[in-house]
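There are 2 protein chains.
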Amino acid sequence: MKRVEIIAIGREILRGQTLDTNSHWLARRITALGARVGRIVVPDDEVEAIAQEIRRAFRNGAEVIITTGGMGPTFDDRTLEGVAAAVGVPLEIDPWALDFVRRRYEEFYRKGFVDDPSLTPQREKMARLPKGATPLPNPVGAAPGVFIKMEEGVIFSLPGVPREMKPLFEEEVLPRLKEILGVGAYLEEELDTGLKDESALAQLIEKVMKKIPGVYIKSKPTRFGADVSLKVVLSAAGKEEAEIRTRLSEAKGLLTSMLTPSD
Amino acid sequence: MKRVEIIAIGREILRGQTLDTNSHWLARRITALGARVGRIVVPDDEVEAIAQEIRRAFRNGAEVIITTGGMGPTFDDRTLEGVAAAVGVPLEIDPWALDFVRRRYEEFYRKGFVDDPSLTPQREKMARLPKGATPLPNPVGAAPGVFIKMEEGVIFSLPGVPREMKPLFEEEVLPRLKEILGVGAYLEEELDTGLKDESALAQLIEKVMKKIPGVYIKSKPTRFGADVSLKVVLSAAGKEEAEIRTRLSEAKGLLTSMLTPSD
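Chains as they are written, first to last, in the numbering used here: chain A, 1 to 263; chain B, 1001 to 1263.
Keep in mind that the hints were calculated from the coordinates and are not lab data.
In silico SDA-like pairs for lysine to any residue, Cα to Cα no more than 20 angstroms straight-line:
no., chain 1, residue 1, chain 2, residue 2
1, B, 1111, A, 200
2, A, 111, B, 1224
3, B, 1002, A, 16
4, B, 1210, A, 47
5, A, 220, B, 1046
6, B, 1231, A, 112
7, B, 1166, A, 224
8, A, 2, B, 1017
9, B, 1231, A, 18
10, B, 1207, A, 75
11, A, 111, B, 1196
12, B, 1002, B, 1151
13, B, 1220, A, 18
14, A, 111, B, 1226
With these hints in hand, go ahead and build the complete structure from the sequences.
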């Protein structure tokens, strides 16, 4: 299964001002594509910290890196500087991106969103991409996304505002990702175990996972209580849905039989 | 300012099954103590992946590491194994922790939370701590927290269930943390700029931060729109509240004067 790493950039996350919901949303989407999110990291928004996490992700074996945040016009939006440093290329004005940013601010000016349509240095900054990168049109905001293809793998850089990040993912990242990951299938099923005690359930899960490889079983963490019934999520991913479905129902059947008291 | 790193452990986060709210909550609490969260990372729940992130955190200069999750009875709760590997000590049954776990399950049995009060190997596992660690009583659940003091810094390991993590932090981590970090003060203030355009605001923020060091100004990301008014958060931390308050109001005054059109 291909490994994906997510790098969420923005000091507001580290200060506890913003809850990072982007990584959660991306993790769910990527898992559903049959790939595996191997790590999520929030570095400080400094060039070297960002570059270091990108290099580490490739060293960890990631074939896809997705960054979110730090793509805007302000001085602390340093994602593309960090990406360029990690990749070892300079930042350069991309003519297509520059035209995109220019047209966006003209549109925002016409709509009364900004008082001035001109390409200030801050706005121009959003068109300075790592050399060789492909800009991705942002369906909502002004900052283009970025796609970089390297020997080790690919990097997608997306804006941090969820309402820009999500449509950019759906329209520009998803089609490329499906191709990179291969057509994958992923299924998950929940099972109510009727058990109250996680430590008892742990033994059963372990047995089922050893017997049926390729099925992942995770008990959902919960509180202790007399009225608790622990739930587990069984999941599997692979090339073909039919094959996965068989494996999952086999695991579910085995676990259910273990949960049923024999008399 | 002392550097803190947060390591959130649990494959359910990487699968997109659970939104990691613990790190956000901890980041806010730590920032308010006048310390700086330098990195948040979610490694896969494998011993070597966890150990690696702990070593990296110390290498990054972290003086405090807080881990959440992976402290329970199931086979994929591997946090303490990872911590022990990073620290270079074996896991050992801690007599105090074992007694704590035993008494917890006796209590849970009396309350009807579990069907069996006995110390199964899965339950005993929660009392196997890195050699030399101090167990911290969990006010709610069965798994003790862990405190380790090293030359490089300290490690706190907390459970992942928020309703166990939060009271354990308040009761056992906070007093120790205050001592480690020194008595610190932190203030933040929000300012409505009346501006619609982040790229215009960016220049002003840059000027103020250069003029008044020690004040951090962050514009809150938002959408584009004719009705938008951008907000910024000004923050500062230090030893004494009076000194911080002066610095903050100086920065706020300067920014406000820049925002007021002169005629």
